[in-house]
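Please model the complete structure; the sequences and the hints are all you need to start from.
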Amino acid sequence: MIVNRTALIGRPLRAATYTVSEVDVKDFLGVVAEPELVAVDAAEGSANVEGGGVTALPRTVPPSFAPFVAVLGLLKTFDWHEDFLFDYRTGTAMFGEQSIQFHRPLTVGQSVAITAVVSDVYEKQGKQTFDVVEVTFDIKTGEEGELLMSGQQSYILFK
Amino acid sequence: MTAPISKAWFEDYEVSLALPSVEMGPMDRFDYIPIALILRDTNPLHLDRVYAQERGLPDVVQQGPLNQAYLYRYFTSLLHDPWDLVATKMRFAANVFPDDTLTCGGEVLALAPQEAGAGIVTCAVWQRNQRGETILKGEAKARIPSRR
Chain A
1 MIVNRTALIG RPLRAATYTV SEVDVKDFLG VVAEPELVAV DAAEGSANVE
51 GGGVTALPRT VPPSFAPFVA VLGLLKTFDW HEDFLFDYRT GTAMFGEQSI
101 QFHRPLTVGQ SVAITAVVSD VYEKQGKQTF DVVEVTFDIK TGEEGELLMS
151 GQQSYILFK
Chain B
1001 MTAPISKAWF EDYEVSLALP SVEMGPMDRF DYIPIALILR DTNPLHLDRV
1051 YAQERGLPDV VQQGPLNQAY LYRYFTSLLH DPWDLVATKM RFAANVFPDD
1101 TLTCGGEVLA LAPQEAGAGI VTCAVWQRNQ RGETILKGEA KARIPSRR
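Chain order of the listed sequences is A and B. Okay, so the first sequence: first residue is 1 according to this note's numbering, each after it adds one. Okay, so the second sequence: first residue is 1001 according to this note's numbering, each after it adds one.
Treat the hints as calculated values from the structure; they're not laboratory data. Note that the coordinates shown come from a computational prediction; the quantities given were computed from them, not determined experimentally. Any given hint could be a false lead.
Restraint-style ranges between C-beta atoms, simulated for each label pair [as the list claims (entries may be wrong)]:
#1 A:Ser119 x B:Ser1146: 16 to 24 Å
#2 A:Met94 x B:Pro1113: 33 to 41 Å
#3 B:Gly1132 x A:Thr136: 17 to 25 Å
Pairs of lysine-lysine, DSS-like flavour, derived with a Cα cap of 25 Å [claimed, not checked]:
#4 B:Lys1089 x A:Lys140
#5 B:Lys1137 x B:Lys1007
#6 A:Lys76 x A:Lys127
#7 A:Lys127 x A:Lys159
#8 A:Lys127 x B:Lys1137
#9 A:Lys26 x A:Lys76
#10 A:Lys26 x A:Lys140
#11 A:Lys159 x A:Lys76
#12 A:Lys124 x A:Lys159
#13 A:Lys140 x B:Lys1007
#14 A:Lys124 x B:Lys1089
#15 B:Lys1007 x A:Lys124
#16 B:Lys1137 x B:Lys1089
#17 B:Lys1141 x B:Lys1007
#18 A:Lys76 x B:Lys1007
#19 B:Lys1089 x B:Lys1007
#20 B:Lys1089 x B:Lys1141
So, partial list: chain B residues that the calculated Cβ filter (under 10 Å) puts toward chain A [to be verified]:
#21 Glu1023
#22 Phe1075
#23 Met1090
#24 Arg1091
The beta carbon of each residue, even a glycine, is placed where N, CA and C say it ideally should be.
Right under this line is the structure:
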């Protein structure tokens, strides 16, 4: 069956959320061996006292974790079959190009909201023919929150 | 990483300057388990050697975001603050397998001075395996402070 995915251009994908969990970040640091988490502003954090106790510092995660947030967040915004007309049981898909603009650091425990839209679809010919589905995304601190990251991710769907 | 990287100032950069190369690895197949958990990605291609070999691959495939993470780690280690990173653009060119050694490097493409002697540096960045095959290539842009 020939699948024409060009009709997907302009399609908004599902809104999704992801929490940058301490467990995920610690597991990640255990593999990539980045330096320990760094306080965003130690002076501000140490002065931040609530109910007699010092609240936890907002800790930035290394930028190397950012592609994980983008990949994970985006995977929650679409269904391979429903949105990309792709059956992963019989087909092969892989990541193409990823571009990210960084607006603010990510912090541990932060909930982020991901919105995405299919910005382009085109066919390419390599050893095999494949479609490139390009998704443009924003990752914010909440639905109406501040922009953390924005960018594009492409997926290669072999025909 | 095998060598510490010195953090240069904006005045130290010039177009075509090669960034120091850094070697990472060997890659460890047991690292793919926590990465699969973080990514919620149970694709057997990353965890099951027999499954991967049945598909013509020599071994399990390291997750793409992990390859990226090593290149990000390399580039941000050149920065005075890792979050001086402004933008990245990367393309996946080949797979990484267990025991591969990765070398990351780059070259300065453009300089854009800003206020007070600081500026934005745009670099080509790349990651290659021990056979010289390109795994990732792209660009990374960062704010670099002035020595002043």
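Quick rundown of the hints versus the structure:
1. A:Ser119 x B:Ser1146: 16 to 24 Å: The hinted range 16 to 24 Å is violated for Ser119 (chain A) and Ser1146 (chain B), with Cβ atoms some 37 Å apart.
2. A:Met94 x B:Pro1113: 33 to 41 Å: Given range 33 to 41 Å: holds, Cβ gap about 39 Å.
3. B:Gly1132 x A:Thr136: 17 to 25 Å: For Thr136 (chain A) against Gly1132 (chain B), whose Cβ atoms are near 34 Å apart, the range 17 to 25 Å is violated.
4. B:Lys1089 x A:Lys140: Holds: Lys1089 (chain B) and Lys140 (chain A) sit about 20 Å apart, inside 25 Å.
5. B:Lys1137 x B:Lys1007: holds (22 Å)
6. A:Lys76 x A:Lys127: violated (30 Å)
7. A:Lys127 x A:Lys159: Judged against 25 Å, a Cα distance of about 11 Å means the pair holds.
8. A:Lys127 x B:Lys1137: holds (21 Å)
9. A:Lys26 x A:Lys76: Status holds; Cα separation ~22 Å.
10. A:Lys26 x A:Lys140: holds (22 Å)
11. A:Lys159 x A:Lys76: holds (23 Å)
12. A:Lys124 x A:Lys159: Holds: Lys124 (chain A) and Lys159 (chain A) sit about 10 Å apart, inside 25 Å.
13. A:Lys140 x B:Lys1007: violated (30 Å)
14. A:Lys124 x B:Lys1089: holds (20 Å)
15. B:Lys1007 x A:Lys124: violated (41 Å)
16. B:Lys1137 x B:Lys1089: holds (8 Å)
17. B:Lys1141 x B:Lys1007: holds (15 Å)
18. A:Lys76 x B:Lys1007: violated (37 Å)
19. B:Lys1089 x B:Lys1007: holds (22 Å)
20. B:Lys1089 x B:Lys1141: Measuring from Cα to Cα gives roughly 9 Å; hence the hint holds.
21. Glu1023: With a closest approach of 14 Å, the Glu1023 (chain B) hint is violated.
22. Phe1075: holds (9 Å)
23. Met1090: Hint on Met1090 (chain B): holds, closest Cβ of chain A at ~6 Å, below 10 Å.
24. Arg1091: holds (5 Å)
Of the hints listed earlier, those the structure fails to meet are numbers 1, 3, 6, 13, 15, 18 and 21, in rising order.
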